[in-house]
Amino acid sequence: MALLDVVDLVVEFPTRRGVLRALDGVSLAIEPGEVLGVVGESGAGKSLTGAAIIGLLEPPGRVAGGQILLNGERIDTKTQEQMRPLRGKQIGAIFQDPLTTLNPLYSIGRQLVETMQTHMKLSDRDARARAIKWLEEVGIPAAAQRIDAYPHQFSGGMRQRVVIALALCAEPKLVIADEPTTALDVSIQAQIITLLKRITREHGTSVMLITHDMGVIAETADRVAVMYAGRVAEIGPVAEVVKHPAHPYTEGLMGSIPSLTHRVDRLRQIDGSMPRLTAIPTGCAFNPRCDKVFDRCRRHRPGLVPSGKTQAACWLYATEAANG
Amino acid sequence: MLGRFLDSDVFYSFRRNPLAVGSAIILVCVLIGSVFSPWLAPTNPFDLASLNVMDSFNPPAFMPDGARANLLGTDEQGRDVLSSIMYGTRVSLFVGVLAVAFAITLGVTVGLVAGYLGGFVESMLMRITDVQLSFPSILIALLVDGIARAVLPRELHNSLELYVLIFAIGISGWPQFARTVRGSTMVERNKEYVMAARVIGIGSARIMFSHILPNVLGPVLVIATLSLGQAILAEATLSFLGVGLPPTEPSLGTLIRIGQNFLLSGEWWVTIFPGIALALMVLAINLLGDWLRDALNPRLR
Amino acid sequence: MAEDIVLLADQVSRYFDVSRPWLQRTLAREPKQVLRAVDGVSFRVARGSTLSLVGESGCGKSTVARLAVGLYTPSGGEIRFEGEAISAARAQPDLRRRMNMIFQDPYASLNPRWRVRDIVAEPIRAFKLLSSTADINARVGALLTQVGLAAADGEKFPHEFSGGQRQRISIARALSSEPEFLVCDEPTSALDVSVQAQILNLMKDLQQRLGLTYLFISHNLSVVRHMSDRLGVMYLGRIVEIGPAAEIFANPRHPYTKLLLDAIPDLDMVGRSRTPVGGEVPSPINPPPGCPFHPRCPLANARCKTEKPQVLHLGTVEIACHAAEEGRTTA
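In order, the protein sequence lines correspond to chains A, B and C. First residue of the first sequence: 303, per the working numbering; consecutive thereafter. First residue of the second sequence: 10, per the working numbering; consecutive thereafter. First residue of the third sequence: 186, per the working numbering; consecutive thereafter.
It is worth saying that the hints were derived from the structure and are not from the lab. Careful, some of the hints might be misleading.
Simulated restraints, written as ranges between beta carbons of each label pair [as the list claims (entries may be wrong)]:
no.: 1; chain 1: C; residue 1: N471; chain 2: A; residue 2: A581; range: 50 to 60 Å
no.: 2; chain 1: C; residue 1: A213; chain 2: B; residue 2: M133; range: 21 to 31 Å
no.: 3; chain 1: A; residue 1: Y452; chain 2: C; residue 2: A335; range: 15 to 25 Å
no.: 4; chain 1: A; residue 1: P406; chain 2: C; residue 2: S374; range: 21 to 31 Å
no.: 5; chain 1: C; residue 1: A273; chain 2: A; residue 2: H546; range: 50 to 60 Å
DSSO-like mimics (lysine-lysine), calculated; alpha carbons at most 27 Å apart, straight line [said to hold, decoys possible]:
no.: 6; chain 1: C; residue 1: K493; chain 2: C; residue 2: K217
no.: 7; chain 1: B; residue 1: K200; chain 2: C; residue 2: K313
no.: 8; chain 1: C; residue 1: K341; chain 2: C; residue 2: K313
no.: 9; chain 1: A; residue 1: K499; chain 2: C; residue 2: K493
no.: 10; chain 1: A; residue 1: K380; chain 2: A; residue 2: K475
no.: 11; chain 1: A; residue 1: K611; chain 2: A; residue 2: K499
no.: 12; chain 1: A; residue 1: K435; chain 2: A; residue 2: K499
no.: 13; chain 1: B; residue 1: K200; chain 2: C; residue 2: K341
Glycine included, C-beta positions come from ideal geometry on N, C-alpha and C.
Looking at chain A on its own, in the form it has when it is part of the complex (with noise of 0.2 Å):
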């Protein structure tokens, strides 16, 4: 059984100017111990999948279909009283921005003892041991005397590996990783993105690694779901989805991206933009921007069909599926 189930979901806002579907029939699905890349370009819903898996919607954003399952057991249902103890506990976060997880009033000692005494009969001595040996374990440096520093005297890469110990202190199934490298510079995010791959392995932590950066996916994660306009474009082994796309617009996207190795005079470029969310179109999302596009495209949204060792929701798949 998958350790998280995401089932059609559906996150929906109310605005004055009418009900805006941010996400509309996300499916995907996390097992034990594995690592799953969520990418997309900004106002994907990437993010806003991630949020409403931790019950951490912005009002008056709201889960307004589907479900989420942790464990077997619906997690979308419950209140923010209900959901706070499985947070931490259940599943951990990570955020762009050290300091909004970070209390910059609170030594970050205190942070992880309390976090740990919140989920676990620890007495206080105990905490701080485990503290000190999470702080070495993500690698801060003389942990046993910089436990009782605070926030503001490390620097952001600093920061960001506190987030993971204090992510990873209660011993979640699951982590959602939001974009956790993104404000680091290249040296040190990929410091933080081989602490992150280490430590969640040795812990045996599921991850939903969400990112715009698909280069720290391909060597990050083991599945990739590609989101589009608050849909799953793609979802597959990410060997498979970078190597060999299904997808028009996971195609596209893989051709855009500038490549170290090789290089090309133009790259490949998809017109256009992201559609708003008050101006979806109808049919398939990707249709106005697609070159393959064919009638029903226009017409009528597909769904994810197998293909090859991916799944795409694009009709070119499922009229091979239905002919063959």
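Go by the hints and put chains B and C onto chain A.
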């Protein structure tokens, strides 16, 4: 243009705020009633020929021995109180609006220059505003008025009193505009659109007034609304203290001052009604200002 | 063959006074604090080519961009544009017209209260390139079409456009003064990858069609590889390695360049893992003595900790590294 406004977020938040709508209705009535008072008022309180001392101290019309013609009663010279209020509000508004306009012009210019140029100019200008902000504004207005009385010949002063008052109230109100505009300017001047203008060699004055100014006007509008209420109150206070407008050109403050002499002798309406008019107008302005502040604050949206 | 140099930087430095205000500083008996954002940087940009400067945040690349268009005056050294000192060049409208800039943030680089038409027309009016309103409008329309927008878009305000479209407007504005030299400060780092591809393609097309010269500032090595003819790698206010881009990517010599190249995640990295180098960028207020990279450098020895490396010519590449000079591959 109108269609775009009716469809805008600001108008939407306005429509959903009953306090703001109520205030706006009151203000529109006050504006129409005062600006067009020569045509709308039942009588002209300055027309000495039409006054009759026999009509003095008529109680309001709803009182047992009130006269129909004088809805809010009459004063000691037989002037219709409602008409006096309408004419007085016009003077109060005139002083308030011009004083705020003067404060905006001065304050916004100082704030833009200080915020954009920075360095020594900024330190100088901001220390001046700090010093002025450490005095109560009513004291500054009294001081300016006192100087004007001492310097100008009496005749000239009387005819210029209205403008002295506008200057005195305006000068006491500019520092808060300067401070706000300086703060916003310091944010704007580091934005890339200002860099883009500097790269092609656009001069500082043009950058300040045509690039930065339109982008710092939001908070200015909010403060302007709130200080209009303050300016009207300041004028009323000065007039009440007797250093403002003379009884020949009465504002709401003057009416209240004159009327309070009769408060204890039972003719309460001569002072209470102008007082209510003043309070209602300032309250409406302030409520509208509060709404505007929230509506223009992106963080609260 | 004599190179046709558009922009030349010779030992350029730019320091910023970041001390606390005088009174507080005096009371606390602190010394003045100087941030050496750019510290002795030399490069040249040949006509019709692209020189990229790459580095992590705080390395001084954006300061170089602003020095290059004269928004900052150098604290030391000299910048020459078309053979003239930058301040003299900027004093002449005809030379100033020939340089312009494209910015990073498409949401901050366009005045939100101006119509697109006026934004694009501002340089035309400033340099009096055209006088009649009809001519200006026609030119603005042509510029908007050139960057892939519609002439009618001039009537709209910036907030009606997406990030990529705004960056096109920004490019149209930069082109409206008919420049030959453009400084591009992270022009695509705020954009999504598919939009980034559109903008990079557009910039390359324009370069070919109009013979533009670019000084391209970026932190993204893959983008830089796609765009540049020559490449300079910056670290803590200095250029540590500069030369033909192809040469540096094929054969990076400076340990910092190697670190950067190893740290970039790439699509070909599936399943592979990087070996990250530890440490962080030190503060430019208190840079380490000697070679600024020595605390993180795997090849550092005693000499690196005390002696500042001088620029060394190795074939077509210039490099500032003791290890490269001595041919060391281990400390």
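Results for each hint:
In this structure the supplied range 50 to 60 Å holds for C/N471 paired with A/A581, their Cβ-Cβ distance being about 52 Å. Taking the beta carbon of each, C/A213 and B/M133 are about 25 Å apart, inside 21 to 31 Å as hinted. Distance hint for A/Y452 and C/A335: a CB-CB separation of about 53 Å, inconsistent with the stated range 15 to 25 Å. Separation of A/P406 from C/S374 is about 28 Å and conforms to the stated range, judged on CB atoms against 21 to 31 Å.
Between C/A273 and A/H546 the C-beta distance comes to about 58 Å, which sits within the given range of 50 to 60 Å. For the suggested pair C/K493 and C/K217, the alpha carbons sit about 23 Å apart, so the restraint of at most 27 Å is met. With a CA separation close to 25 Å, the supplied pair B/K200 and C/K313 stays within the 27 Å bound. Between C/K341 and C/K313, the direct Cα distance comes to roughly 24 Å. Compliance with the 27 Å bound is thereby established for this hinted pair.
A distance of roughly 38 Å separates the Cα atoms of A/K499 and C/K493; the hinted pair therefore is violated under the 27 Å criterion. A hinted pair counts as satisfied when its Cα atoms are at most 27 Å apart, and A/K380 with A/K475 qualifies at roughly 18 Å. A hinted pair counts as satisfied when its Cα atoms are at most 27 Å apart, and A/K611 with A/K499 qualifies at roughly 24 Å. Note on A/K435 and A/K499: the hinted pairing holds, with a Cα-Cα distance of about 18 Å set against a maximum of 27 Å.
Restraint check: the Cα-Cα separation between B/K200 and C/K341 comes to about 21 Å, which is no more than 27 Å; the hinted pair holds.
Going through the hint list in order, the structure does not satisfy hints 3 and 9.
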